[in-house]
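Engineer: Letter by letter, the chains look like this.
Protein chains: 2
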Amino acid sequence: MTNISDRMSGLKPSAIREMLKVTADPSIISFAAGNPSSEAFPHEELGEVIAGIFSADPSGALQYSITEGFAPLRKLTADRLKNKYGIGTEDDDLIITSGGQQGIDLMVKCLVNEGDCVICENPSFIGALNSFRSYGANIIGIPMDNDGMDIDALERALKSNSRVKLIYTIPTFQNPTGITMSEEKRMKLLELAVRYDVMVLEDSPYFELAYDGKIETPIKTADTTGHVMYVGSYSKVIAPGIRIGFACGPKWLISTMTVAKQVSDVHTNGVFMTAVAKYLEKYDLDAHIERCRSLYIRKRDLMLRKIDECIDPQVRFTRPGGGLFIWGELPDGFASAPLCETLKSYKVAIVPGPTFDTREDIASRGFRLNFSVPSEEQIIRGIELLGSGIRNYLSGR
Amino acid sequence: MTNISDRMSGLKPSAIREMLKVTADPSIISFAAGNPSSEAFPHEELGEVIAGIFSADPSGALQYSITEGFAPLRKLTADRLKNKYGIGTEDDDLIITSGGQQGIDLMVKCLVNEGDCVICENPSFIGALNSFRSYGANIIGIPMDNDGMDIDALERALKSNSRVKLIYTIPTFQNPTGITMSEEKRMKLLELAVRYDVMVLEDSPYFELAYDGKIETPIKTADTTGHVMYVGSYSKVIAPGIRIGFACGPKWLISTMTVAKQVSDVHTNGVFMTAVAKYLEKYDLDAHIERCRSLYIRKRDLMLRKIDECIDPQVRFTRPGGGLFIWGELPDGFASAPLCETLKSYKVAIVPGPTFDTREDIASRGFRLNFSVPSEEQIIRGIELLGSGIRNYLSGR
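Residue numbers (our numbering), protein chains in the order written: chain E, 4 to 400; chain S, 4 to 400.
It is worth saying that the hints were derived from the structure and are not from the lab. There could be a bad hint or two in this list.
Copies of the same chain are indistinguishable here, so a pair counts whether it falls within one copy or spans any two.
[To be verified] Using 25 angstroms as the maximum straight-line C-alpha spacing, the simulated DMTMM-like pairs for lysine to aspartate or glutamate come out as follows:
#1 254 x 311
#2 281 x 47
#3 254 x 364
#4 285 x 51
#5 217 x 187
#6 188 x 379
Fair warning: this is a prediction, and the values are worked out from it, not measured in the lab.
Turn these sequences into a full structure, and let the hints steer you where they fit.
Structural biologist: As structure tokens, then:
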């Protein structure tokens, strides 16, 4: 009886996190990361608020806390979502989670039975896909256009599957494609969710990292019937290592997710729940996000410029309006997994498409590039190397 | 389809954590807590190491980290377990978890299928019971003697149930009873686990809080066949709010738990993984634990003395050699849940037996008292009030 549970037996370690170990090699230029740039962390401000917590009485922050999260942080987060983005009704509640990942995992655990269907974009975020798999869900991947999920395909999937429990979407600067769903498609998706009475999990860790002016309106903002759970995070706008995220949605589901969180980790780190609350009170998060934008916009523009300059035009790339990722697609008949092998000798790392594919399809032609972590020098040199590696791979040499 | 998953639909919020909200009322003397005393936290030392992290370069601690946990903390923790307690073989590995609770939850998720059986002491820790329930396990409660689990009943349960996947035990200063399993029973339990090829989850958050000299040898120390997962925590010996625990066991299971953790919260708070590592390098944890002992031993002795003095001898109490809890049992025919109601007018709070009962049996006559949190004054006054309340309840007035 000492064997793995069925729900976990299909899972592999996240290729990305495994790759992080490989790309620890400093001689490799890595576009494989998924994290924000360390340059963008408010080091001093966080250090200062934490020093303040310890110089006052830290007992509260060091003691067990309630599972819903530190009350001032819940209120500051809920108020900001409401006032800035119109997110949250009196039928909604908000829970602090240990990163956005936990918000996804708790919702899936609380909603999805083994054998139920989860619909999502294909490709999609590996952390969410693995959460679905770990609860025995059947994943239905919906192809994407440049304006997001193919809504007709979504409707067909809803019509033809009686056990759909959840539609998972990253509508803005999607991971891995960088694609943003159009206003029209957002409204259509919500309308379908209501008509088929299926919950939506709106995963939105990047939407404030918008580089072309406009910040997209979340789907949750239009949710009047309690069909949308909004999952967000401070990871991309403050720092990921602190593991502070949040989920805002219908009270009946948040209260069950709270019970699931008691079982998962009791509550999120108390000192950092307090520290983020004090940071939000004392500093201007929006001004900080503006500084992150100006850092990332330079890197995105540089990477796109170098791509146009160095990479065979047969390879198509998205031109994301924000976020951390650009998605490339090789011509017909060329899979991206073998390309990654070729690239090892070019000392450049990317993430191959199968990692993000809902069926882990090894024939996937896509690959993900991250522009937030590498330096401008690494972007210039790395895209040149990528261009040579691709030329080599496509010429079959 | 917008309804709770089957696995979560049976769960109630932990009565204890709900009670914490009630006992926020300062006029109530609470013996209902489950946490260490804030007096026992190494405030200054933690503040100092964290200041050190931020005055150096905190980028690493603020960035995404690997799921297994901060390498120096893993090594320091594994070395301490090995050198002090003989825990861990070359076939074992160690993962840092977000508190001991996450170690339990990850193991259950990775091992137990819906419908499988988990055997544990009855009564047992509510956080573990709820984790078992949340994965659809059938819980088989084994009654306890003063020297731990009834081993004959354990063997009968193993014989008569083909789907037992896990034996869960808190062998030392058990929660909620304070009972410690004898050396002989530990060896018998391990022998049975090996014979029936069932994994053991040894949950040991309290064993170093030993007040009568002897520190018990963990079951894991005798595990040569890889049948024991040892779950520990820094919550009770440093502070619970930081949510740092660990699990040490067979590599095949730790590697799957690592995948499950990627899905749960990616990794534990990076700054505090670094801070605890620096604390262990710079300070003497054992000397700190000695200070905790001297604080708690006074409180335990005082509570036991007041119990003998103020409470009807028909009510039986355990006399724990350590930990945080004393367990009381009312005479035949008197359930503890109604007693808690009676006690509200006496302004004293305890946790009733059904909370810890594997079947949530409302007829449970037991109740849990915590002595680590209340002040000596509160213990004196609170036990007097408890004595009056019990007298009232037993006399049926």
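Engineer: At most 25 angstroms between CA atoms: does that hold for residue 281 and residue 47 within a copy, between copies, both, or neither?
Structural biologist: both (13 angstroms within a copy, 20 angstroms between copies)
Engineer: Which holds for residue 254 with residue 364 at a C-alpha limit of 25 angstroms: within a copy, between copies, both or neither?
Structural biologist: neither (38 angstroms within a copy, 29 angstroms between copies)
Engineer: What label fits residue 254 with residue 311 when the C-alpha limit is 25 angstroms: within, between, both, or neither?
Structural biologist: So residue 254 and residue 311 fail the 25 angstroms test inside a copy (48 angstroms) and across (46 angstroms) alike.
Engineer: One pair to classify: residue 285 and residue 51, alpha carbons no more than 25 angstroms apart. Within, between, both, or neither?
Structural biologist: Close inside one copy (10 angstroms) and across copies (23 angstroms); limit 25 angstroms.
Engineer: Are the CA atoms of residue 188 and residue 379 at most 25 angstroms apart within a copy, between copies, both, or neither?
Structural biologist: neither (35 angstroms within a copy, 64 angstroms between copies)
Engineer: I want to check one pair: residue 217 and residue 187. Are their C-alpha atoms no more than 25 angstroms apart within a copy, between two copies, both, or neither?
Structural biologist: For residue 217 and residue 187, only the intra-copy Cα distance (16 angstroms) is at most 25 angstroms; the inter-copy one is 69 angstroms.
Comparing the model with each numbered hint stated earlier shows that hints 1, 3, 6 do not hold.
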